[in-house]
Structures are given as C-alpha cells and as structure tokens.
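Model the placement of chain W on the given structure of chain L, informed by the hints.
There are 2 protein chains.
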Amino acid sequence: VKRDTPLGPGREFDAIRALRAQWGAIAEGLGDDAAVVDVPDDERLVVSTDTSCENVHFRRAWIEPEEIGWRATMAALSDLAAMAARPIGMFVAISVPTGWRRDLQAIGAGIGAAARDAACTIRGGDLTGGSELSLTITVLGGAREPLNRSGAQPGDALWLTGALGGPALALRAWLDGSVPPAAARERFAKPHARLRQAAHLRAAGASAAIDISDGLAADALHLAHASHATLAIELGSIPLCPGARPRDAATSGEEYELLVTGPASINALAFRTAFGLPLTRIGSVERGPPGVRMLLDGAHVDVGGGYDHFLR
Amino acid sequence: VKRDTPLGPGREFDAIRALRAQWGAIAEGLGDDAAVVDVPDDERLVVSTDTSCENVHFRRAWIEPEEIGWRATMAALSDLAAMAARPIGMFVAISVPTGWRRDLQAIGAGIGAAARDAACTIRGGDLTGGSELSLTITVLGGAREPLNRSGAQPGDALWLTGALGGPALALRAWLDGSVPPAAARERFAKPHARLRQAAHLRAAGASAAIDISDGLAADALHLAHASHATLAIELGSIPLCPGARPRDAATSGEEYELLVTGPASINALAFRTAFGLPLTRIGSVERGPPGVRMLLDGAHVDVGGGYDHFLR
Numbered sequence: 075v076k077r078d079t080p081l082g083p084g085r086e087f088d089a090i091r092a093l094r095a096q097w098g099a100i101a102e103g104l105g106d107d108a109a110v111v112d113v114p115d116d117e118r119l120v121v122s123t124d125t126s127c128e129n130v131h132f133r134r135a136w137i138e139p140e141e142i143g144w145r146a147t148m149a150a151l152s153d154l155a156a157m158a159a160r161p162i163g164m165f166v167a168i169s170v171p172t173g174w175r176r177d178l179q180a181i182g183a184g185i186g187a188a189a190r191d192a193a194c195t196i197r198g199g200d201l202t203g204g205s206e207l208s209l210t211i212t213v214l215g216g217a218r219e220p221l222n223r224s225g226a227q228p229g230d231a232l233w234l235t236g237a238l239g240g241p242a243l244a245l246r247a248w249l250d251g252s253v254p255p256a257a258a259r260e261r262f263a264k265p266h267a268r269l270r271q272a273a274h275l276r277a278a279g280a281s282a283a284i285d286i287s288d289g290l291a292a293d294a295l296h297l298a299h300a301s302h303a304t305l306a307i308e309l310g311s312i313p314l315c316p317g318a319r320p321r322d323a324a325t326s327g328e329e330y331e332l333l334v335t336g337p338a339s340i341n342a343l344a345f346r347t348a349f350g351l352p353l354t355r356i357g358s359v360e361r362g363p364p365g366v367r368m369l370l371d372g373a374h375v376d377v378g379g380g381y382d383h384f385l386r
Numbered sequence: 075v076k077r078d079t080p081l082g083p084g085r086e087f088d089a090i091r092a093l094r095a096q097w098g099a100i101a102e103g104l105g106d107d108a109a110v111v112d113v114p115d116d117e118r119l120v121v122s123t124d125t126s127c128e129n130v131h132f133r134r135a136w137i138e139p140e141e142i143g144w145r146a147t148m149a150a151l152s153d154l155a156a157m158a159a160r161p162i163g164m165f166v167a168i169s170v171p172t173g174w175r176r177d178l179q180a181i182g183a184g185i186g187a188a189a190r191d192a193a194c195t196i197r198g199g200d201l202t203g204g205s206e207l208s209l210t211i212t213v214l215g216g217a218r219e220p221l222n223r224s225g226a227q228p229g230d231a232l233w234l235t236g237a238l239g240g241p242a243l244a245l246r247a248w249l250d251g252s253v254p255p256a257a258a259r260e261r262f263a264k265p266h267a268r269l270r271q272a273a274h275l276r277a278a279g280a281s282a283a284i285d286i287s288d289g290l291a292a293d294a295l296h297l298a299h300a301s302h303a304t305l306a307i308e309l310g311s312i313p314l315c316p317g318a319r320p321r322d323a324a325t326s327g328e329e330y331e332l333l334v335t336g337p338a339s340i341n342a343l344a345f346r347t348a349f350g351l352p353l354t355r356i357g358s359v360e361r362g363p364p365g366v367r368m369l370l371d372g373a374h375v376d377v378g379g380g381y382d383h384f385l386r
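Here the protein sequences line up with chains L and W, keeping their order. Read left to right, the first sequence gives residues 75 to 386 (this note's numbering). Read left to right, the second sequence gives residues 75 to 386 (this note's numbering).
Calculated directly from the structure, the hints in this document are not laboratory data. All clues stand as given, with none of them false.
Which chain L residues face chain W? A few, computed with CB under 10 angstroms, are given here:
id, residue
1, Val110
2, Arg118
3, Ser122
4, His131
5, Leu214
6, Ile284
7, His296
Per the computed footprint, the stretches of chain L lying under chain W, defined by three or more beta-carbons under 8 angstroms from a beta-carbon of chain W, are:
id, region
8, 158 to 167
9, 200 to 212
So the derived label-pair ranges between C-beta atoms look like this:
id, chain 1, residue 1, chain 2, residue 2, range
10, L, Pro171, W, Ser339, 46 to 54 angstroms
11, L, Asp88, W, Ala193, 36 to 44 angstroms
12, W, Gln179, L, Glu138, 34 to 42 angstroms
13, W, Glu117, L, Pro171, 37 to 45 angstroms
14, W, Glu260, L, Pro352, 55 to 63 angstroms
15, L, Pro171, W, Arg176, 23 to 31 angstroms
16, L, Ala342, W, Ala277, 52 to 60 angstroms
C-beta: ideal position from N, C-alpha, C; glycine also.
Isolated chain L (complex conformation) (with noise of 0.2 angstroms):
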C-alpha cells in the first residue's frame, strides 16, 4: 500500500483529507500531482470514464447522496464489466455546487462501498466548484483478453444478467410525482457493476458484450453495428422486474445488465447458483445488415429508438 502523500492547507485540501480518512485503505496514495499505478505483466490496461451528473441522470429529491456516490461508481464499473475486466483503481472528479457541500462525506461513503463492494482502490481526483453536482469516474482494469462489442458472431447466442425494467418503473413514478415501488426504487439507486459474472462468461467463451446503460434496444443496436450482425431478440424472454412489462425491458435505462453473446451451451443454471442472479439467453446473433429485430410473442415490435437520458 503506498503511503499518502501530506496535504498541505486550504479549504479544498480539508475536504480532500475528510474523504480520504472516511475511505481509510481502499483509497491509496492520494495527494500527488497523478498517481503511479501498476498493471501486471500479463494483463492489459482497460479504461473508461464515466459522468454522473444532476438533473441529467439523477435528481435530488429521488436518491441520498449515499446513493448518488455509490451509482456513479456502479455505472463507470460496469465499463470495465462489459470488457471482462477486472478493476485496478478509480479517479474520482466532483464538482460541488455550495448547497452540496455538506453532504459531500456522504457522497464520499457511496463512493467508498461501491469501491470496496468491487475491490477497487481510489487513486486520486479532483474537488472543484460548480452549479450542479457532477461526478465524472474514470475506472481503470486489467484483463487479459479484454471483451469487446465487435466480436459477436452469426450463431452465437444471446445472453443477459438479470432482469430488467425497474429503473423505468422508478423513474416514471418520480416523474409522475408518486413513490415507486422498493425494487425498482433499489435498482435505479443501487446498481450493481456485473465485474464477477463478466469474468465468468469470458471464461465460459462469451464472444462480445456491453452493459446496457443507454437500454436493451439502444446497446444491442450498438453491439450489432460493432459486429456488423444482426441481432434477433425475443422480448418475452426477458425476466422482468415486478411490474414492468416487456417493452420496458427494451427501452429501460439505466440498467447496468450485461448484454453478452456466445455459446448457447453456457450453464444459466450454474451461473444463477454461483451469483444469486439469472442469465437469459433473450435471443441470436445472425448474418444481416447491422440491426436488432424485437420479436414479442412471434411478432415484430418496434420500440422506438431507445433511452436518452431523462433530462436532456
């Protein structure tokens, strides 16, 4: 564990000293102009950043600051889930509007769970000013045979993690004024980043992946154009959330399920054992022009062009 580096003073630095006794040893070596962070020899480095911000992915009155930390995390995880990666550190950027400032420790415990939950150190950040709550968490891994989306392959099969649609329900309730229900409220809130069940089907042969952030509909067309296939999914195959219907599942965001593609001999039973969570196979991979067909019940079903962030 490398030693911290001595802050010296300034209101910034008091805050970064807060959160840095608050993360105890999952935050190492913070207070340097960068951090040095190893890779093993046989792993290559996987990299992705992330932005949580107010009013565009999360409104106040909905989640506690616990949570807006812990999501954050959570969503920029799921990147390196979706290249089967394994995580080596984090850097965490937040931008704190005034009227955030005291909830910035707990903000700081969300972070540190999610981390800890993953096993992910927090190497470093940066603490600024702003008019919203904003966090951008650049996640970087080891992996070595990173997955990627451009691997499917006609005759694959089509695999998902968990089952969907609470998100959307959570959201329409906030939107529609009312309180939604616990398990859909606890999916938007507390995501979980698939990083060992994604190592597993990488070991299991999957072929591509991509966790489902934007929605079903919208990540599996980008699957399909990365792998120049078509991807044929059956939606009445998707295990929902109590209460949301099937084309919830197509078009929900901010769920962080991985979409894999492989063999369809891979053990589902053997995977919801080990991980208390189900793996679907929702569909195929086939030789076409880049697209996804939506079939639901044997008939086609067009679900419009997928999630765009609630606000924008």
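Quick look at chain W alone, frame taken from chain L:
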C-alpha cells in the same frame, strides 16, 4: 493504430462521430465501453484527472470555445509533466448544456490541437448534458521513474520554469471589466504543459516537482509538506510577465509552470536554448518544519493563503 468501433445511431453518437472526424489520427479506437491502452514494459503508469468548469475556472465571455478545450487539456497534461511522465492517452468527459452545443466542435478542436501538441492520443470519453459547461480530462502517462512531490532534499536548489503573473493580470482585467494585455491573456488562455521540459529536468537530476496551477505560494507549500522541508523563495528572482509584480508571481493561479527541486548545477542557459523558456533558480530547500519562507529584497513577505479558484 486501433480501428474505431462503428457507433449506433442517436444524437449523442452523432456528436461523438463529429468529434472523432475532427480529431482524425490523434483519436484512436473510440466507441467501445472502455479502451484498451498499452503501457510499455519498462514504464510505470501515471494517471491524473482534472476538471475545468465554466464559472469556476473560466467564464464564457473571456475566452473562445477552442481555448476552453485547449486549456482544459493542457491543465490535465500539466500533472503528467509534474511527474515527468510521457503522455500515453487521454479520456475526455464533457457536460454540454444546450446553449453550448453549437460550440462543441470548436471545443473539440481545442482539445484536439492540445492533444496533437503533446502527442497524446484521445482514447475515450463521455458526453452528457448539464447546466454548465464542464470538461473532466483524465490523462495517462508513462515514466521509468516518476517524479513526485516528496523527494526534495535540504540543500537542493529550487528551480522555476517560465515567467509568472500573466493569468493574474488577465483575471484582474476581466473582473474589472477591462481588456487584459494580449500577453497576459495568452498566458491564461493558451497554457502549455511543460512535458519535454520535465523530462529534461528529470534527466538533469531533479528530485521533486509540482505544477503551480494553484499558484506558487500554495503549491510550494504542498511540496514543502510532502517533502517535510522548508522552501526559501526569493520573490525578486522570479521572471515576470510584463506588468506583473513580484507578489502577483507568488499568488497568481492558473499557471502551468513547474516548480522543481534538484542540483544547483542544472544548466539554465542550455534549458533556455533548448526550449525558448527561462529556467530560473528562485531559492533553496532547507532543513526545517514544512513551510515556505518568501523573501523580497531580503525582507520576509507574507503573501497570504495563496490562490483559491477565482469564483469559488
């Protein structure tokens, strides 16, 4: 050079496509969940993240969109310079309010120009909405022996690159409603990360370095704390931007010069010849409690707490 991953449809992806087209060869492999980045075997990975936010770090009326992109990129790269690291790649997260959308290409042009100037590829990013323009740039570099803040030794000389006070003059003019002198404005709007200079100083025996983006007084104090030493600085020795006073040199922030400790024997003339930039001995590292003594013409000067970002 990595092939870009084909992107699916959507407004966000149209914007990413346009940026990618503008960046050309300096952008590499954009479009997957995360980027795979190769670090040479004989180098250690150095990482830093830096946010540049409207109304905190700049105002729209002051500088052009292209300068905003350049400046944010160079500010991030400056942290690699402080570690004597060679840029490997960068990740660009931008929050773009509706009123800034038409400027996104110009902002991207500035980012691209700075990336090319530093020979640093753009490897990924994130584009979201927001109420204020905000750029968070994460830079990755490689260094055989990264330089940090904690290596200063009593007896070392204190060296400074460049001339100070320009950003302070520019800010003072803008906040007074007047037009800053061209040279001072240029120092604020078009900083240069001292990457090659840092590599040169590292090879010449530098023991510690910090960039002085928070101002010389504040950042000297950070270096003093990190190295458990006293820094003695003669303000009168600091090269000044035309119109700036020695006190401006101590407190002016948004400077991207380097404060470096190392042998008194470093050849400043050779440095100036190589880089067209002054290298000036401005003081010494002394045994003593962590702190900074500022002297002007032999008398002790208290410059106050240093620079806090101008609008916080």
